[in-house]
Amino acid sequence: GQNIDQPTEMTATEGAIVQINCTYQTSGFNGLFWYQQHAGEAPTFLSYNVLDGLEEKGRFSSFLSRSKGYSYLLLKELQMKDSASYLCNNDMRFGAGTRLTVKP
Amino acid sequence: DAGVIQSPRHEVTEMGQEVTLRCKPISGHDYLFWYRQTMMRGLELLIYFNNNVPIDDSGMPEDRFSAKMPNASFSTLKIQPSEPRDSAVYFCASSLGAGVLEQYFGPGTRLTVT
Chain A
1 GQNIDQPTEM TATEGAIVQI NCTYQTSGFN GLFWYQQHAG EAPTFLSYNV
51 LDGLEEKGRF SSFLSRSKGY SYLLLKELQM KDSASYLCNN DMRFGAGTRL
101 TVKP
Chain B
105 DAGVIQSPRH EVTEMGQEVT LRCKPISGHD YLFWYRQTMM RGLELLIYFN
155 NNVPIDDSGM PEDRFSAKMP NASFSTLKIQ PSEPRDSAVY FCASSLGAGV
205 LEQYFGPGTR LTVT
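Going down the list, the sequences are from chains A and B. Numbering follows this note's numbering, with no gaps: position 48 of the first sequence is 48. Take any residue in the second sequence, count from 1 to its spot, add 104: that is its number in this note's numbering.
FYI, nobody ran anything at the bench for these hints, they're computed from the structure. The reader is advised that the hints may include incorrect statements.
[What the hints assert, rightly or not] Estimated spans, in silico, between C-beta atoms of each pair:
hint, chain 1, residue 1, chain 2, residue 2, range
1, B, ASP161, A, THR44, 24 to 32 Å
2, A, GLY58, B, GLU122, 43 to 51 Å
3, B, ARG126, A, THR8, 28 to 36 Å
4, B, ASN175, A, GLY58, 37 to 45 Å
5, B, SER162, A, THR13, 16 to 24 Å
6, A, THR44, B, ASP160, 22 to 30 Å
7, A, PHE45, B, ASN175, 37 to 45 Å
Glycine included, every Cβ here is placed at the ideal spot set by N, Cα and C.
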């Protein structure tokens, strides 16, 4: 089987930094993806890690440790529009998602 | 490109009726995925195709669900007969690779079975 675990909810303040963690267990590994999903909309791709380390894309960065089965998504300079669910994805399976609320 | 297209966007039907959801993937994408999303179970992979061939249907809940991909530009997900517990948002996604490249999602079909 495959378990992908991430926190259910997080709250942060506008302008701050937030880290969303994800742990996974899988027999095979092709890459670790992060998607963003606003309420009532479809998921959209944010980032992808296939090798260990940090991938940076503007305000968003993602980290991967394959040996630990661990990833995190780092969001900097939070904006109100970042309020959404963030989904960790491995081998086409998704975690339950972390609902992030950004407050003024 | 218009992106992944799904129809209908909303479907309300009575228990026992047949429901057919439709998807047109992005041109050139050779992988197509069907997902179901509910509050209780999150985003679940139902089935995926590669070059129109079903590769993994282990997520299909039961025999009432079936999916086809008669050609590279069209897929259907059918529920027959439908039940209230099938109420969910059904997403179709396409990709150039399975598990190694990002997926592009359609807008989803919100299904309500009464």
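Verification of the supplied hints:
Take ASP161 of chain B and THR44 of chain A: their Cβ atoms lie about 26 Å apart, and the range 24 to 32 Å holds. For the pair GLY58 of chain A and GLU122 of chain B, the supplied restraint of 43 to 51 Å holds, since their beta-carbon distance comes to about 46 Å. The given range of 28 to 36 Å is respected by ARG126 of chain B and THR8 of chain A, whose C-beta atoms sit roughly 33 Å from each other. The hinted window of 37 to 45 Å between ASN175 of chain B and GLY58 of chain A holds, with their beta carbons roughly 38 Å apart.
For the pair SER162 of chain B and THR13 of chain A, the beta carbons lie near 42 Å from each other, so the given range of 16 to 24 Å is not met. The supplied range of 22 to 30 Å is met by THR44 of chain A and ASP160 of chain B, whose beta-carbon atoms lie about 23 Å from each other. Between PHE45 of chain A and ASN175 of chain B the beta carbon distance is about 26 Å. The supplied range of 37 to 45 Å is therefore violated.
Going down the numbered hints, you'll see the structure goes against 5, 7, while the others check out.
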